[in-house]
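Could you build the full structure based on these sequences and the hints that come with them?
Protein chains in written order, with my numbering: chain C, 1 to 329; chain S, 1001 to 1290; chain X, 2001 to 2324; chain G, 3001 to 3504.
A couple of the hints might just be wrong.
[To be verified] Calculated cross-link-like contacts (lysine-lysine; reagent style DSSO-like; alpha-carbon spacing at most 30 Å):
#1 G:Lys3363 <-> X:Lys2185
#2 X:Lys2315 <-> C:Lys266
#3 G:Lys3389 <-> X:Lys2185
#4 C:Lys271 <-> G:Lys3124
#5 X:Lys2185 <-> G:Lys3381
Since the hints were derived computationally from the structure, they do not count as laboratory data.
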Amino acid sequence: MSNLTDITPLRWLMRNPIWGFVVIVFIFFSLMSDHFFDYRNFQNILVQASTIGLIALGMTLVMINGNIDLSVGATLALAAAFAVDVQSWAMFATWGSWQILPAVSLALLVGIALGAFNGFIVWKTGVDAFIVTLGAMLGIRGLVFVYTGESSFYAMNFAYSDFSALSVGPFPVLALIFLFCTLIVHLLLSRSVHGRNTYAVGGNREAAVNAGIRVGPHMMINFMIIGFLAALSGVLLSTQMGAATPNLGRDYELWVITAVVLGGTKLTGGKGDIVGTLGGVLAIGILRNGMNLMQVPAFYVYVILGSILIAVLILDKRFNRATDGGLRL
Amino acid sequence: DTVRIGITQNNVGIDSYQTTYEQAFIAAADANPDVEVIVLDAGGDVARQISQLQDLIQQQVDAIIVWPTDGQALVPAVRNAHNAGIPVIVTNSNIAEAGMDFIAAFSGPNNVQQGIYSAEMMCEALDGEGQIVQITGMPGYTTAIERQQGFDDRLAEMCPDVVQLDIQPGDWNRERAQRTMETFLTRFDQIDGVYSGDDNMGVGALNAALSAGRAEGIAFIGATNFAVGYDAMARGEYWGSVYQSPVDDAEAALQTALDVLAGEDVPKLNYFDTPKITQENMEEFDRPVF
Amino acid sequence: MLLNRLKAGGPAIAKQGILVAFILFMIVFSLMSDRFMTGDNIMSVFRQSAIIGVMALGVTIVVIGGNLDLSVGSMLSFATVLVVDLHDKIGPELAIPVMVLATLCLGAINGFLIGILRLNSLIVTLGMLSAIQGLVLIYSGGQNVDIADQRGTWFAFFGRGSVFGIAAPILIFALLAIVFHVIMKTMPFGRKVYAVGGNPTASVFSGIPRSRVVFMTYLISALCVSVAAIILGSRVMGSQNNVGQGYELQVLAAVILGGTSLLGGAGSILKTVLGVLMLAFIQNGLILMGQPYYTQWLVTWAVIIVAVWLDVAAKRGRLFSPIA
Amino acid sequence: MTELLEPALRLQGIVKTFPGVRALDGVDFEVMPGEVHALLGENGAGKSTLMKVLAGMHQPDEGQIIIAGQSVRVTNPIEAKAQGVVLIHQELSLVPEMSAAENIYLGELPRKAFGRVDWRTLYKSSNAILERLKCNFRGEVTVVNLSIANQQMVEIARALTVDARVVVFDEPTASLTDAEKVVLFDIIRDLKARNVGIVYISHRMDEIFTLSDRITVLRDGSYRGTLTTAETNEDEVTRLMIGRSLDLSRDTAPPKLGETVLDVRDLSCAPLFEDISFSVRAGEVVGFYGLVGAGRTEIAETLFGLRTADQGEILIDGVPVQIGSPQDAISLGISLVPENRKEQGLVLSMNCRDNMTLPQVQKLTSGPFVSSGAENEIFDKYRDKLEIKTPSWRQIVGVLSGGNQQKIVIGKWLSMKPRVLIVDEPTRGIDVGSKAEIHTLLRELAAQGYAVIVISSEMPEVLRVSDRIVAMYSGRIMREFTADEVTEDSLVQAISGIKTADAA
Ligand SMILES: Nc1ncnc2c1ncn2[C@@H]1O[C@H](COP(=O)(O)OP(=O)(O)OP(=O)(O)O)[C@@H](O)[C@H]1O
Ligand SMILES: Nc1ncnc2c1ncn2[C@@H]1O[C@H](COP(=O)(O)OP(=O)(O)OP(=O)(O)O)[C@@H](O)[C@H]1O
Ligand SMILES: [Mg+2]
Ligand SMILES: [Mg+2]
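If you want it as structure tokens, here you go:
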């Protein structure tokens, strides 16, 4: 943000080691797999990364705020269920493909509402967001099962699932939506008053209160944004499947948090950016895709992903020494 | 010349069945010099399975075998493969009705039929009368849903005097099933039969009943005969199950794919036989390897 | 009435938001099901909660020390698979110590990365969660493991045995809870964990070996996991590769319900026991009422929020958060 | 000065209670336009609380706020600002990862369309303010990279963002250097000339008497009276504040010096400090004086095993020692009362007793258990000795007032019975009464045979307690003075880096 002028590419890379890592795995898989370096594969990577990626954008805001949201996977599933189910409601029977519109709108509203609910609880009760959303993660999943009655919904209308196959020139629509949202959230965070206040609230909540920032509603807005993005991600995922399943999005919260932290956002708040998050999302996407292409046995995939996560953390520590002024603490 | 076949499985490692399936599949492929396989695992996540299908399409394999994490949600992805000219063989649990047009063939057991078998065994064990409980697999997964469906429908039809007291999930987890059964035992003074979505959970339920000293009067019926279930049957504690061999399952899938690629006229649905196994006829079967 | 008391600072009991929530909740359940408050049922719930409970004791100590441990779930899978598999290979008397040592090694890795290298505990243990899950699968080749002779082994005692009519898992859980409570409240080590969790910098300035203390908390957590694995392996007489999957969140939920602050420096072992029991009673009570599993999840959602809210409200002396 | 004007602000009968504490008990207070009104009181008297009520951060239980003749309700800081009331906080209230400019305008960043930040206006106006404050940094820098003093200046810059009616400074000089103090006082006089009412809170009497027009004294949350500065003196104010006079004389009895306990030779830790040599004898108080950033704290930290020196030797009782950790230092009999009590000194969530016995908890055992009796004994002894005001040992340290917290830290290290006691800024933010007590205590300790090192940025403090004074500038020792030879002028010269012929 400040002193942009004296940042050399090397120094930038030191501060964002994740992008160095992205480059390394990119080169590695290009050399190791015949199928990796291919623009259609890049499309795949972007589309696949968009699911986690969209939520990660919202998580970046929430985490810079000093909060966390563990309920995103369940929110995604509920939104997907609404997006698919509402299309077949009798009242929209005559709408043709327009029936998709109220369905998607309702799904997104559900996401926003759940986010608002989480945010409101965090604001009013003062209970830690980790706890509130840990509860919500269970509860919203329960709602999914209540709503779907355990089974999957599928879209009668193939127009819905064809949407995911659309592309504009060489770019798949899903990837474009993701990149567009990335740009918007990036601008929001770095240029808007709300975005700057996000850093303020996370960096020093007391100072933010003292400065008259209405911390409660502010946090609630960020929870609504992540609710919206999780729902959007669910809608897009359901277009890829033409269906919604009740177990959709299990464990996604952990992957999202991983991507965001890999991107340099601090769990304690006040620090992080979208550029880093994008790097974290791509790193995971490329690793997943590359390991598929290289046929790494499933059992080893767990070990490799876990170890890389820790390795990146160690690298980050090396480059960004904690600011304890050389004190041995 | 060699054919390249990609397979994406449901969730290897979650239980021995799937692991044994994978090993048998790789062994069968290795035995055939003309086959090269790409083995992937979706870890139970539909979205990841869809990505894997995309990756396989992008690698232009000759055929794709898929063990659906969810029969409904995979339809568009299977359709993509179909449109890309790659034949798709569905294995183990079937894809939804809407996707049948896009697959070359299905090979696997019939989970609904298995539920029906279990219901029939239950009626037989209880002489058409009694109170039972059911412990299902992980909620929301096709195999669990289909078995429950087959069981519930057939039970109601065949012996309406058998009352189902409650149905709770055991998540394919023996300890979880054991806990659920313990609570059932507290709640119901009279339990005559237990149906579990697989033997792993069935043995958990049996454990609970044994500890409570109430195993004597209860008929335990499961599905997917596991070695522990087989042994319990041999001890006379376990009434019956459905015998399903992952090795047959895997070999059938590979063979179906090869037949499709060879241009043979393959029927859409290829069920392999999953017979009832009970204390009486168990000698006819080998002890499961898992 | 409760609220007025809360506002007034109130009697000691009102400060114990969790205890109040627990009692309210037990009363409601007793009214809803006549099987609930029976000796058998209570014993059964105690026994069932021992596995999660023992793990929660260790995690409570980690959390008081200012960190998190999400790796306990796959560590439990690891330990259970190992002890059950080795049981038939080298006998229980060797299998148990080998498994405990191996599990402690995993704890030591956590402790090294978090205590000594000072990496973020959430992410490290998340990475370990995944890596250990892989290790288990590689070790077992993805196969279930079972103990062949289920009747003849003394290993059965830990999960199925009893002493004076009290089930062994309950005894083990109770014993560990008391031991750790005593350690945390009355021994120098406990004091140090609270200090390090409360303010790591000030602890170092007071000559407390912060790295070593954090390292030890992870060893304790691993030790608890290995005890839980013995109970689990013995109770089930077999193991799956993913037995512990999802346990990390249940354990954490129990610790949080017990009022332990995620910020570190505050919390109590005995209240964690309350949290564990509360979660177990929710599951049990709702099944007794014949509710489907998703109702459990919804109720758990509400209970977690309300109970922790009461606790937080009692501590700050007002119901709603003062932030605007 | 007190012309017959409408007061800029008036507080009437303000009552504010916190659970268990009646922080303000019917306080009246007023500020005239163009007046500097000092607010005085012991630690915990309620000064900050009163100002927070004024700034909308706390709602009073009773009483009213009258601004320009109108009774107003301020429910949040933005409303207060809109009324022209600006509060400069006692504790730094900055967001470390944001730029100075954003911090100055925190909560009311200039906007363009679509909620975008108007960066150009932001930087332009904040740089103008920083220039007015003669700061040598610009609005673009990130706050973490600023020194504590400069961070304080950013905090102060907030006062200049609006046309204020009343500006409250809550202990603004606690971490400013003399040069910046001069600028601050100029700013205050400038505001005053523009008819702004100023509330000035400080524990430093000299500042109060140079700056203020009137003085209001609080004690235990209640109003004690208002004095006109020109018509009163320090003694009267002190008596109003603490109920007695202070004996500020120094005991002149020559110290009974023992052997050399601590001997430091050519210790370096570049670039923080270099070639540091000094020694301390039993029974002696050595003062370290210098500007903030002179490297004194770092020397203390090195002696306490928290930093590794590049070179040099440390001798205790003439024996060279290696100090690799605080545990080593403690076992050698070194104690350090750190500079920042909240971050380094105390575990705020722990109770008073446990904090005090923390370094020796491993030893205070009977069997494997911590001995409650032994702990209470230590706590009771130092509570009485240091006159710590707390209802019981169970009280959480975080809710004590600053002075009492500091005494807990001092008690903690005294109870270790150290050979060498190092105290770093022992009286920062502490009221005059407690300060005098701490000074007396340090003298007594020396008399009992301790070797004491006092690091301080306050000249009167160093002059009052030290037998010898080491003057530091920029990581080096400039000169050593004995108590007899030191003069204020020579000391100021030494710490400003001006070498004199007879430098040490
Ligand atoms: N938020 C709070 N909750 C509870 N008690 C509080 C709170 N804020 C202040 N107090 C108490 O109110 C009293 C007055 O505190 P205040 O901070 O106003 O003192 P002060 O005069 O500014 O002291 P100092 O000179 O040390 O800054 C103290 O006893 C303090 O412990
Ligand atoms: N350039 C700087 N950037 C950030 N913080 C600084 C800087 N210089 C000094 N400080 C902070 O100011 C405080 C005092 O500085 P330091 O310890 O270096 O000098 P000192 O001589 O001990 O000063 P004093 O004891 O008077 O505070 C420390 O807490 C340190 O963190
Ligand atoms: Mg104050
Ligand atoms: Mg200092």
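Tested hints:
1. G:Lys3363 <-> X:Lys2185: Measuring from Cα to Cα gives roughly 16 Å; hence the hint holds.
2. X:Lys2315 <-> C:Lys266: holds (28 Å)
3. G:Lys3389 <-> X:Lys2185: It holds: about 26 Å lies between the C-alpha atoms, which stays within 30 Å.
4. C:Lys271 <-> G:Lys3124: At roughly 25 Å apart (the allowed maximum being 30 Å), Lys3124 of chain G and Lys271 of chain C satisfy the hint.
5. X:Lys2185 <-> G:Lys3381: holds (23 Å)
The structure shown violates none of the earlier numbered hints.
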